[in-house]
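Participant: Chain by chain, the residues:
Number of protein chains: 4
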Amino acid sequence: MGELNVALIGHQFMGKAHSNAYRQVGRFFETNLKFRMKVLCGKACTEELEATAQKFGWEESDCEWERVIDRKDIDVVDISTPGYLHHPMVIRAAKAGKHIICEKPLGRTADEAHEIWKGVAGTGVKHMTAYNYRFYPAICLAKEMIDSGELGEIYHFRGRYHQEWIMDPQFPKVWRLDKSVAGSGALGDLGAHVIDQSRYLVGDPVAVNGVLRTFIKERPGGTVDVDDAFEATVEFENGAIGTYEATRFALGRKNQMRWEINGSKGTLLFDSERQNELLVNMGNSTPGEHAQGFRTVLVSEAYHPYWQHWWPHGHMIGWEDNFVHELLHLLTCIREDKPIGPRGATFEDGYRCAEICDAIVRSHETGRRQEIEYRTV
Amino acid sequence: MGELNVALIGHQFMGKAHSNAYRQVGRFFETNLKFRMKVLCGKACTEELEATAQKFGWEESDCEWERVIDRKDIDVVDISTPGYLHHPMVIRAAKAGKHIICEKPLGRTADEAHEIWKGVAGTGVKHMTAYNYRFYPAICLAKEMIDSGELGEIYHFRGRYHQEWIMDPQFPKVWRLDKSVAGSGALGDLGAHVIDQSRYLVGDPVAVNGVLRTFIKERPGGTVDVDDAFEATVEFENGAIGTYEATRFALGRKNQMRWEINGSKGTLLFDSERQNELLVNMGNSTPGEHAQGFRTVLVSEAYHPYWQHWWPHGHMIGWEDNFVHELLHLLTCIREDKPIGPRGATFEDGYRCAEICDAIVRSHETGRRQEIEYRTV
Amino acid sequence: MGELNVALIGHQFMGKAHSNAYRQVGRFFETNLKFRMKVLCGKACTEELEATAQKFGWEESDCEWERVIDRKDIDVVDISTPGYLHHPMVIRAAKAGKHIICEKPLGRTADEAHEIWKGVAGTGVKHMTAYNYRFYPAICLAKEMIDSGELGEIYHFRGRYHQEWIMDPQFPKVWRLDKSVAGSGALGDLGAHVIDQSRYLVGDPVAVNGVLRTFIKERPGGTVDVDDAFEATVEFENGAIGTYEATRFALGRKNQMRWEINGSKGTLLFDSERQNELLVNMGNSTPGEHAQGFRTVLVSEAYHPYWQHWWPHGHMIGWEDNFVHELLHLLTCIREDKPIGPRGATFEDGYRCAEICDAIVRSHETGRRQEIEYRTV
Amino acid sequence: MGELNVALIGHQFMGKAHSNAYRQVGRFFETNLKFRMKVLCGKACTEELEATAQKFGWEESDCEWERVIDRKDIDVVDISTPGYLHHPMVIRAAKAGKHIICEKPLGRTADEAHEIWKGVAGTGVKHMTAYNYRFYPAICLAKEMIDSGELGEIYHFRGRYHQEWIMDPQFPKVWRLDKSVAGSGALGDLGAHVIDQSRYLVGDPVAVNGVLRTFIKERPGGTVDVDDAFEATVEFENGAIGTYEATRFALGRKNQMRWEINGSKGTLLFDSERQNELLVNMGNSTPGEHAQGFRTVLVSEAYHPYWQHWWPHGHMIGWEDNFVHELLHLLTCIREDKPIGPRGATFEDGYRCAEICDAIVRSHETGRRQEIEYRTV
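Residue numbers (our numbering), protein chains in the order written: chain H, 1 to 377; chain R, 1 to 377; chain C, 1 to 377; chain Y, 1 to 377.
Just so you know, these hints were derived from the structure itself, not from any lab.
Any given hint could be a false lead.
The list treats identical chains as interchangeable, and a pair is accepted whether it falls inside one copy or across any two copies.
No more than 20 Å apart at the CA atoms, straight line, and that leaves these computed lysine to any residue pairs for SDA-like [as the list claims (entries may be wrong)]: (1) Lys217 / Thr31; (2) Lys55 / Trp307; (3) Lys254 / Lys265; (4) Lys265 / His290; (5) Lys43 / Asp178; (6) Lys34 / Glu50; (7) Lys143 / Asp204; (8) Lys143 / Gln292; (9) Lys72 / Glu3; (10) Lys217 / Ser264; (11) Lys265 / Gly293; (12) Lys143 / Phe236; (13) Lys173 / Arg213; (14) Lys143 / Gly341; (15) Lys55 / Thr31; (16) Lys217 / Gly341; (17) Lys55 / His309.
Full structure from sequences and hints, please.
Facilitator: Spelled out as structure tokens, the structure:
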């Protein structure tokens with residue numbers, strides 16, 4: 001295999017973050033990834049797009065995503081667009097034999113996500129849903145602790161994602177508030193992260209029961225047809241119970257993805273507003289010690305996930321650096337032909353999250369607990 | 001009205017806390033309460049009971065609760081017993097024309113709680129359910145802020161109560177794990193506090209949907225027939241949505257009653273493990289100031305609820321001191337013939353909590369969202 | 001020995017706190033202390049004094065401290081007055097053979113404190129300086145950890161006491177701002193606590209070097225002749241170095257006595273605004289565990305100092321409850337003829353703190369490091 | 001002016017951080033900086049050096065710093081070497097007319113630092129001491145608040161820098177523990193940051209008084225001749241007093257630069273282990289509001305310093321990103337011929353820090369308070 005040529009579609013928030021990660025990954029990690037940031041794809045072939053491409057570090061720019069995907073020299077397609085474009089882009093890329101990373105939520109509905117997954121199944125291309133929280137060192141440490149049995153049997157997972165950015169009733173109806181473009185509101189945009197985290201750390205849910213709410217229905221620009229917030233209970237395969245929550249109406253919360261896991265031997269708590277910390281309580285794990293409590297673990301030791309490549313302990317990394325780990329994983333899996341999962345989220349993982357989101361919507365509509373059945377391909 | 005004679009039934013955990021509060025209330029507050037700690041009632045007329053009565057500050061002890069309630073010289077009956085005794089005691093006390101404070105949960109079921117409420121309705125006696133969290137200064141401050149409109153419209157209430165004391169599978173089946181005695185498990189014991197808080201601060205729920213779990217069913221002493229934990233979603237009359245949760249399986253959480261309320265103008269957060277603090281976020285309420293965030297309010301200023309009677313600011317009070325406020329309220333309402341609510345919880349409040357708890361159980365059993373109808377008397 | 005009769009001189013802030021502790025000690029602790037709250041002594045024999053005495057739980061009131069001290073039936077004298085009265089009161093009480101507890105600072109100067117100590121030396125009476133922080137459970141836990149060697153060799157002690165109550169330039173010159181009455185300002189009132197803590201936990205200082213400041217010299221009521229704040233470095237006998245600080249000009253700090261101790265095996269941090277917590281870092285004390293950090297220890301377990309007599313864990317005690325421990329210690333030492341130290345501070349401890357305070361003043365005046373020599377009696 | 005060619009000398013910790021910042025600055029900020037990462041200079045011309053240069057993004061590598069400095073095409077020299085090399089490198093670079101950024105501490109002594117400053121004075125080259133903390137958004141916000149008068153008169157500055165990396169007695173004598181190479185220990189390496197922060201935020205000290213300590217003198221590799229820790233008091237020109245501290249013996253502290261500033265109207269607290277937060281207490285600045293306290297300000301709003309170029313609020317930046325701001329400042333000042341100060345630290349600032357460090361050493365040696373006189377050039 002020669003150099004991997006990457007095409008990135010989308011250059012807004014996620015496009016900026018992904019570009020940074022592609023640029024940085026080889027600067028910090030000892031890799032033999034050999035890839036090129038080939039082309040950045042936007043909506044219109046403007047000077048601005050070309051300038052952005054240069055600023056972000058891409059060799060070229062283009063404005064026809066079909067053309068970009070079809071290019072023979074492109075090996076990897078990175079889809080960082082609004083949700084309604086995921087399906088056609090993935091299908092085309094898969095047919096063209098490209099490896100694909102796609103932003104979450106994978107599809108606007110479980111059916112669409114399943115179609116997307118089906119589109120790549122059997123093709124042999126690597127597929128990854130961009131659930132970037134999986135690559136936070138603190139969360140990787142949590143996963144290591146759970147997988148090694150340090151937490152014992154898991155009893156509870158409670159996850160939530162809180163923001164505040166649309167609380168002003170005069171905030172307009174942007175694309176994230178439009179069902180046909182985004183698929184859903186807080187549920188699909190924020191809740192999906194929480195759901196993926198629960199699956200990553202605890203396992204698959206078997207039933208959910210939830211309620212959705214749109215607090216401000218009329219906004220400049222039109223009627224909002226997605227949820228502003230949701231609350232749900234969840235039951236896991238292993239017997240644990242918990243909650244899923246997301247809202248864009250939590251004043252003071254800028255970007256708080258927070259979960260708490262209680263096991264028979266330990267409790268863990270993560271809060272994205274302090275992304276480099278993991279709160280850990282191991283009970284009276286050390287007999288005779290009378291000074292037990294919640295530990296604020298500064299996740300920055302050389303023995304912590306990914307940290308040997310960064311800075312001396314206590315010199316904390318930023319939000320954008322987690323994307324470096326994510327794309328390191330993607331490119332390494334492609335380069336070395338390794339499976340994306342279980343560390344990375346595959347399209348199957350992306351589909352399963354969508355299935356759970358849909359079940360929450362159905363429970364809201366029917367007032368009934370929904371057992372979840374996961375489809376295969 | 002002459003002196004009020006109080007009888008306390010129960011001398012374990014709550015009996016000790018109530019006794020302390022009766023002793024202390026006149027030491028700190030400028031009152032004309034004129035009451036006497038007349039008699040402490042226990043199960044058996046032993047020397048130990050008499051010694052406890054003396055230690056706790058009661059003039060006499062007795063072991064027949066019927067006799068104690070019937071005493072002509074008793075004006076106030078304080079019922080601090082396990083739940084199954086609430087009904088007969090309240091009924092008898094109400095018939096005897098005594099003012100009553102009863103520990104929560106008021107009844108083991110909504111029906112029983114309704115019977116209890118019915119028992120006092122129309123008798124003219126004061127009745128109070130001992131939801132002591134209502135009397136924490138930090139929570140009173142929260143209530144003042146909400147009532148004055150400082151938080152704007154309320155969008156979310158999320159409340160939980162976490163403990164860890166029965167996580168050891170060898171911990172025996174005590175009375176709190178026996179349905180016939182306690183009524184329910186984490187739901188009625190802990191969740192009821194959270195539910196009462198939500199009603200106190202946000203308003204009545206109109207629908208709930210929950211799931212219960214007993215993680216360890218067989219224990220030394222028998223089969224556990226109450227819940228170890230529950231999770232529920234809740235919809236309020238005013239349109240807010242949120243969650244109720246309680247568990248006795250949250251390792252590291254000693255006694256954490258925690259809620260978070262998001263309004264259109266502010267967010268509040270309370271955590272009983274730091275009972276003298278209120279976290280407050282008022283958004284960008286002060287234009288031009290670029291230093292907004294969550295404030296850790298040390299609730300101890302002379303202008304904070306109840307604080308002018310305690311210590312200089314920063315000299316924090318303890319858990320037991322909140323009971324002083326509770327009994328101050330009870331005795332003042334009796335002495336001055338004022339209504340117990342809305343600051344204190346009446347038996348109607350106690351009944352409504354039970355109605356909500358029952359609805360959560362029904363939703364668990366049926367998998368269906370339960371709309372709540374509150375009965376009258 | 002029959003019943004111990006206690007006389008309390010002073011009924012303001014400390015008088016209120018001591019009265020509460022005398023009332024409460026027998027209610028919580030299994031003791032055979034047999035003492036009576038005999039007489040409360042104030043400045044004038046008014047109805048108000050008598051009312052206060054009753055409210056605080058004292059059998060009688062009086063307004064002549066000499067007469068009170070001389071009473072044959074008084075066994076214990078509790079001196080909770082401003083500093084300038086400590087010397088005459090202690091001398092008279094010691095001569096009368098009374099056991100004595102005296103508020104800090106013991107004397108206004110090292111000379112005066114030495115005189116006071118000399119006054120009791122050889123008389124056989126118990127003498128205790130009321131350094132109440134020694135009786136906080138979190139601090140007792142810290143002491144246990146240090147004494148057992150869990151912290152290893154101590155390298156640093158940094159202590160500070162911050163308040164804000166005189167920041168308003170219009171705040172008048174009260175007695176605490178008057179050198180002839182109080183002895184010194186932040187140094188003797190607040191710094192003395194910090195100094196006592198360092199001696200209690202780490203050992204005796206051998207040298208200090210400090211600077212004092214009076215930020216607002218003219219106030220309504222006169223010229224302030226005590227310090228508003230001081231900063232000092234300290235060298236300990238065991239080689240550790242650190243700082244002492246106190247100020248009444250730390251906006252937002254209500255009553256923050258905070259110290260941090262670094263040892264070769266552990267770090268401890270205490271903050272009085274969260275008095276029931278101890279922050280503990282034991283390094284990588286548990287090999288193989290990758291989740292080390294500062295633990296927030298909720299000091300409320302039955303195995304924590306004093307806690308078996310209070311409440312279930314997580315039901316936190318208040319500031320006033322630490323005085324219960326202090327007076328329990330005093331009365332127990334008297335009753336059982338045990339030494340006040342090292343848990344309690346004796347008058348020698350009170351004197352040594354004064355010696356250190358004086359050395360800090362001298363270093364400020366001379367700009368020179370002061371080696372400290374402790375006198376004997 | 002054409003393109004600016006930068007040469008970086010040093011490729012260890014600081015070299016890596018500076019390289020990253022040069023690479024990233026143009027990716028995030030809208031600039032017309034037009035500079036090239038021309039050459040990375042190390043000790044030996046090895047393949048490893050060349051590989052590092054490529055990895056870090058430099059066009060060339062070299063191993064003769066004199067040759068690099070003398071290159072006609074080099075405009076900016078970045079000196080990220082141990083302290084003993086700063087003097088010869090700066091002198092040569094200044095003579096060659098290069099703009100210079102030099103790591104702190106500028107010189108090993110005040111004399112040396114003064115020589116260095118003298119070397120650039122009058123040459124017209126831009127000179128900057130790399131006190132990177134000045135470019136943390138939270139600290140810039142603090143500076144804005146102080147400069148605008150929001151904090152009122154400043155009463156206290158207390159700063160400290162705590163690490164733990166040499167606590168193991170078997171840790172060898174590395175260059176940072178060698179006086180001839182590093183100049184001093186914790187004082188110059190860590191304390192210098194604290195001192196610079198105090199000058200940046202509060203103003204110049206006029207007197208200091210300190211004590212130094214070397215806890216472990218003999219290590220594998222030789223005798224340690226620098227300090228492990230120091231404690232000092234400080235008096236500022238404006239009347240404020242405070243402390244400076246640094247230690248490499250604070251178990252559990254990975255990299256904690258922490259200061260607290262008390263003013264007549266506000267208190268600020270910064271802690272580098274939570275670098276994106278600023279704790280702010282404005283007293284009762286908003287009359288009528290009963291919910292005042294320390295605010296945890298998440299410094300990530302678009303209106304916060306530098307933040308409009310990063311991510312949406314709540315998506316926090318990392319330690320390394322602050323260097324981007326630092327080098328943005330340097331390159332902008334060169335490009336636009338603007339003064340480095342007061343935001344950036346000049347060589348005069350670097351010299352003044354050295355003067356203060358020396359005064360602390362002298363006070364330690366003499367036991368006497370040292371008034372500080374700042375030299376000119």
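Participant: State for each hint whether it applies.
Facilitator: Structure-based check of all given hints:
no. : hint            : verdict
1   : Lys217 / Thr31  : neither (50 Å within a copy, 41 Å between copies)
2   : Lys55 / Trp307  : between (28 Å within a copy, 18 Å between copies)
3   : Lys254 / Lys265 : between (32 Å within a copy, 15 Å between copies)
4   : Lys265 / His290 : both (17 Å within a copy, 15 Å between copies)
5   : Lys43 / Asp178  : within (19 Å within a copy, 59 Å between copies)
6   : Lys34 / Glu50   : between (24 Å within a copy, 18 Å between copies)
7   : Lys143 / Asp204 : within (15 Å within a copy, 40 Å between copies)
8   : Lys143 / Gln292 : between (22 Å within a copy, 16 Å between copies)
9   : Lys72 / Glu3    : within (13 Å within a copy, 37 Å between copies)
10  : Lys217 / Ser264 : between (43 Å within a copy, 15 Å between copies)
11  : Lys265 / Gly293 : both (13 Å within a copy, 18 Å between copies)
12  : Lys143 / Phe236 : within (17 Å within a copy, 36 Å between copies)
13  : Lys173 / Arg213 : within (16 Å within a copy, 41 Å between copies)
14  : Lys143 / Gly341 : within (13 Å within a copy, 47 Å between copies)
15  : Lys55 / Thr31   : between (24 Å within a copy, 11 Å between copies)
16  : Lys217 / Gly341 : neither (39 Å within a copy, 36 Å between copies)
17  : Lys55 / His309  : between (25 Å within a copy, 13 Å between copies)
Consistency note: the structure conflicts with the earlier hints numbered 1, 16.
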